[in-house]
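Whole structure, please, built from the sequences with the hints as guidance.
For the sequence shown, position 13 matches number 12 in numbering that gives the first Met the number 0, and the numbering has no gaps at all.
In silico lysine-lysine, PhoX-like type, Cα no more than 20 Å apart, as pairs:
#: 1; residue 1: Lys132; residue 2: Lys106
#: 2; residue 1: Lys41; residue 2: Lys96
#: 3; residue 1: Lys44; residue 2: Lys93
#: 4; residue 1: Lys44; residue 2: Lys106
#: 5; residue 1: Lys44; residue 2: Lys33
#: 6; residue 1: Lys132; residue 2: Lys145
#: 7; residue 1: Lys97; residue 2: Lys132
#: 8; residue 1: Lys96; residue 2: Lys51
#: 9; residue 1: Lys51; residue 2: Lys97
#: 10; residue 1: Lys97; residue 2: Lys138
#: 11; residue 1: Lys33; residue 2: Lys106
#: 12; residue 1: Lys47; residue 2: Lys132
#: 13; residue 1: Lys41; residue 2: Lys106
#: 14; residue 1: Lys44; residue 2: Lys132
#: 15; residue 1: Lys108; residue 2: Lys44
#: 16; residue 1: Lys108; residue 2: Lys41
#: 17; residue 1: Lys33; residue 2: Lys23
#: 18; residue 1: Lys93; residue 2: Lys51
#: 19; residue 1: Lys96; residue 2: Lys106
#: 20; residue 1: Lys96; residue 2: Lys44
#: 21; residue 1: Lys41; residue 2: Lys132
#: 22; residue 1: Lys97; residue 2: Lys44
#: 23; residue 1: Lys132; residue 2: Lys93
#: 24; residue 1: Lys96; residue 2: Lys47
Derived CB-CB ranges, DEER-like:
#: 25; residue 1: Asp89; residue 2: Arg123; range: 27 to 35 Å
#: 26; residue 1: Asn32; residue 2: Arg92; range: 28 to 36 Å
#: 27; residue 1: Asp70; residue 2: Leu140; range: 50 to 58 Å
#: 28; residue 1: His56; residue 2: Lys106; range: 26 to 34 Å
#: 29; residue 1: Asp114; residue 2: Asn60; range: 31 to 39 Å
#: 30; residue 1: Arg144; residue 2: Gly117; range: 14 to 22 Å
#: 31; residue 1: Phe58; residue 2: Tyr30; range: 35 to 43 Å
#: 32; residue 1: Lys146; residue 2: Ile118; range: 22 to 30 Å
#: 33; residue 1: Asp89; residue 2: Ser15; range: 22 to 30 Å
#: 34; residue 1: Lys25; residue 2: Asn55; range: 34 to 42 Å
Keep in mind the hints are simulated off the structure, nothing from the lab.
For each residue, glycine too, the CB sits at the ideal point set by N, CA and C.
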Amino acid sequence: MAQENNEKTSSLNVISVAGLQPYKKKNNETYMNKAQISHFYKILKTWKNQLKNEINHTFFNIQEKATNFPDPIDRATQEEEFSLELRNRDRSRKLIKKIEHTLLRIKNKDFGYCDSCGIEIGIRRLEARPTAKLCIDCKTLAEIRKKQMTG
Numbered sequence: 000m001a002q003e004n005n006e007k008t009s010s011l012n013v014i015s016v017a018g019l020q021p022y023k024k025k026n027n028e029t030y031m032n033k034a035q036i037s038h039f040y041k042i043l044k045t046w047k048n049q050l051k052n053e054i055n056h057t058f059f060n061i062q063e064k065a066t067n068f069p070d071p072i073d074r075a076t077q078e079e080e081f082s083l084e085l086r087n088r089d090r091s092r093k094l095i096k097k098i099e100h101t102l103l104r105i106k107n108k109d110f111g112y113c114d115s116c117g118i119e120i121g122i123r124r125l126e127a128r129p130t131a132k133l134c135i136d137c138k139t140l141a142e143i144r145k146k147q148m149t150g
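If you want it as structure tokens, here you go:
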């Protein structure tokens with residue numbers, strides 16, 4: 000349970016954990032200029048490193064706690080805890096892949112623009128979800144379509 004709470008706070012507080020303040024846009028500033036790119040690069044790198052540390056902690060935590068309990072109930076409880084930790088670890092690995100893909104988008108100068116319609120995703124949305132590929136309108140539309148398809 001504690002690991003699950005850590006994961007939620009890691010994605011929500013990635014800016015504060017990175018020691019950064021929300022980006023303050025200046026008047027007549029061009030979208031995705033060097034300062035903005037640098038801001039998001041720092042956020043993504045810090046987030047990636049934090050997730051890697053959490054994965055390593057999970058690995059060592061499981062090794063440290065691994066005990067062969069004689070009581071079947073204790074053993075089942077431990078196996079369930081390990082299962083949850085491994086699921087969180089897998090989720091973190093997938094998120095690291097998304098972050099790496101986003102860092103590649105920064106390198107290729109594709110970062111910050113909607114994959115669907117090509118407009119600016121927006122600084123605030125990217126700070127909330129740095130790996131976002133869609134603007135809020137296209138994401139909302141995609142969610143509505145998905146909901147209609149699945150019933």
